[in-house]
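Student: Here's the letter readout for the chains.
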Amino acid sequence: MKIVILSGSKVGSKTRTAMDYTEKEVRKQYPDSDIIFIDLADYNIEFSDGRNFLEYEGDTFFVAKHLMDADTIIIGTPIFQASIPGALKNIFDLLPEGAFRDKVISVLVTAGSPKHYLIPSQQLIPILSYMKAEVVKTYVFIEERDFLRKEIINDDVLFRIERLVEDTGVLTKTYAQIRAEKEEAYGF
Amino acid sequence: MIEQHTMEFGLYTLGDNLLPKEGEEIITEQQRLKNILEMAKHAENVGLDIFGVGESHQKLFLASSPQTILATIAGITDKIKLVSTSTVLSPLDPVRVYEDFATLDLLSNGRTEITAGRGSRYGAYKLFGYDLNDYDELFDEKFDLLIKLNEEQPVTWNGKFRSPLDNVEIYPKPLNQKLPIWRAVGENMASAIQAGKVGVPMQLAALYGSSSVFKRRVDAYKNAAEEAGHNVEELPIGVATMMYIDNNSDRAFKEYYSYLNNTFNQVRGVDFPKQHYAQARDVKNAIMVGNPEEIAEKILYQYKLFGHQRFIAQIDHSNIPHEKVMEMIDLFANDVIPIVQKAIGEKINRKKR
Chain A
1 MKIVILSGSK VGSKTRTAMD YTEKEVRKQY PDSDIIFIDL ADYNIEFSDG
51 RNFLEYEGDT FFVAKHLMDA DTIIIGTPIF QASIPGALKN IFDLLPEGAF
101 RDKVISVLVT AGSPKHYLIP SQQLIPILSY MKAEVVKTYV FIEERDFLRK
151 EIINDDVLFR IERLVEDTGV LTKTYAQIRA EKEEAYGF
Chain B
189 MIEQHTMEFG LYTLGDNLLP KEGEEIITEQ QRLKNILEMA KHAENVGLDI
239 FGVGESHQKL FLASSPQTIL ATIAGITDKI KLVSTSTVLS PLDPVRVYED
289 FATLDLLSNG RTEITAGRGS RYGAYKLFGY DLNDYDELFD EKFDLLIKLN
339 EEQPVTWNGK FRSPLDNVEI YPKPLNQKLP IWRAVGENMA SAIQAGKVGV
389 PMQLAALYGS SSVFKRRVDA YKNAAEEAGH NVEELPIGVA TMMYIDNNSD
439 RAFKEYYSYL NNTFNQVRGV DFPKQHYAQA RDVKNAIMVG NPEEIAEKIL
489 YQYKLFGHQR FIAQIDHSNI PHEKVMEMID LFANDVIPIV QKAIGEKINR
539 KKR
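These protein sequence lines map, in sequence, to chains A and B.
Note that the working numbering numbers the first sequence so that position 103 is 103, with each residue one more than the last.
Note that the working numbering numbers the second sequence so that position 66 is 254, with each residue one more than the last.
Because the hints were derived from the structure by calculation, they are not lab data.
Since no wrong hints were added, every one of them can be taken at face value.
Subject to a maximum C-alpha distance of 27 Å in a straight line, what follows is the list of computed DSSO-like cross-link-like pairs (lysine-lysine): (1) A/K173 - B/K462; (2) B/K462 - A/K137; (3) A/K65 - B/K209; (4) B/K209 - A/K2; (5) B/K472 - A/K182; (6) A/K65 - B/K314.
Use the sequences and the hints to build the structure in full.
Tutor: Here is the structure:
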């Protein structure tokens with residue numbers, strides 16, 4: 001199982017912190033998987049100009065290629081101005097239309113206000129669905145008060161991360177199995 | 189005036205030369221080019237009407253100079269039309285393109301046509317120093333100049349991406365003073381509308397998915413042409429697609445998936461979804477795979493939708509073995525085309541080998 005943990009922001013520390021916890025959990029639950037952590041803050045990604053992702057170079061190609069090769073992607077995103085960051089949207093724009101076909105994607109959100117709770121389901125999940133991802137239905141929503149000095153201080157959030165990681169792995173395996181049976185039946 | 193029930197049949201190649209899969213032998217660039225020449229020669233021998241060569245400027249493709257390949261084909265054939273499928277006009281100089289094709293037209297005794305498009309790959313833009321952000325503007329300007337050069341000379345022209353032309357004549361002139369110039373249309377509806385507006389024939393790529401979806405592009409093209417005051421009856425439409433034929437329908441269907449998927453994998457970096465491919469068995473699906481009768485049915489189904497005058501197929505993609513390609517040329521000419529011709533009431537006596 002190839003897992004990409006994607007921290008989808010250039011600024012701030014909360015999403016990164018949440019994704020660090022997530023990475024630890026992923027490594028604990030799926031130690032034999034091929035795991036890579038990509039924090040967009042560490043990369044210089046070009047804006048999408050419409051070319052195929054294979055034709056980018058450097059960091060842009062590196063990130064796009066890892067996402068395309070993944071079986072599973074766990075996306076962490078903050079909420080900026082009542083939406084996902086432009087940096088994260090640009091990642092989606094770099095990839096082809098059906099880029100997430102046969103991939104399981106789950107989502108963690110960090111937000112300054114509980115009023116943002118529905119933003120992922122209104123603005124992020126539709127993008128993932130359009131790109132053909134199998135999206136894990138529940139997402140982990142983490143508020144500012146759950147953090148203190150780059151640590152998560154709410155145990156319940158940690159339990160939710162644990163469950164999200166478990167659900168993500170279970171769904172990846174389940175879909176892979178169903179798909180293998182279906183493709184076997186096609187006979188080509 | 190185009191006869192309602194005429195259809196031209198042909199082949200085209202993009203000159204792709206993919207990395208060999210496990211167990212496949214490496215085809216050298218030179219061998220691949222020789223294979224293309226052999227294909228073209230054989231296409232003429234079995235009486236096909238058209239041979240096209242596409243243009244790409246990046247790895248996995250070797251046809252960066254289709255004019256040169258077409259010129260060589262001109263020397264070994266007598267009747268078959270030589271078409272670019274397509275010329276990636278945006279990063280090129282239309283004057284140079286026109287010089288090349290006018291020369292080719294004289295050498296081939298008037299068999300040359302240009303199909304110009306914007307290209308679906310980035311390589312040419314990067315190589316020649318153009319910005320993808322100018323994608324639309326670049327093409328519109330250069331296509332405008334190409335059409336002007338064809339319509340009347342001397343030409344006086346001014347644009348953004350090329351130095352102006354002041355009362356300029358281009359030499360040589362094509363055999364009949366003008367070249368047929370088509371516009372290549374892919375997934376972009378705007379290209380179809382633009383082709384109609386300008387009033388040039390449309391070469392439509394209809395590779396996969398539901399054939400009825402492509403009808404929308406055909407309708408948009410015709411509407412735009414009509415609105416711009418062109419006579420739609422005089423504007424031919426061509427359909428271009430990938431094709432795989434075998435006498436055994438199941439074998440065709442089974443064998444072709446790995447080729448199709450390989451192309452998608454290597455060129456686009458994605459898999460071709462098996463679920464979508466499974467639907468290729470339906471006559472209403474555009475993927476041209478099957479036995480000769482099934483292929484003929486699909487062409488006829490599209491003919492009902494589009495009323496097109498030209499059908500060209502790519503049968504040498506994804507490292508399909510050369511022997512298989514040559515076999516498919518025979519099947520296409522001898523077993524597919526007669527069914528289609530008969531069905532559309534055409535009585536062309538195709539010259540048998």
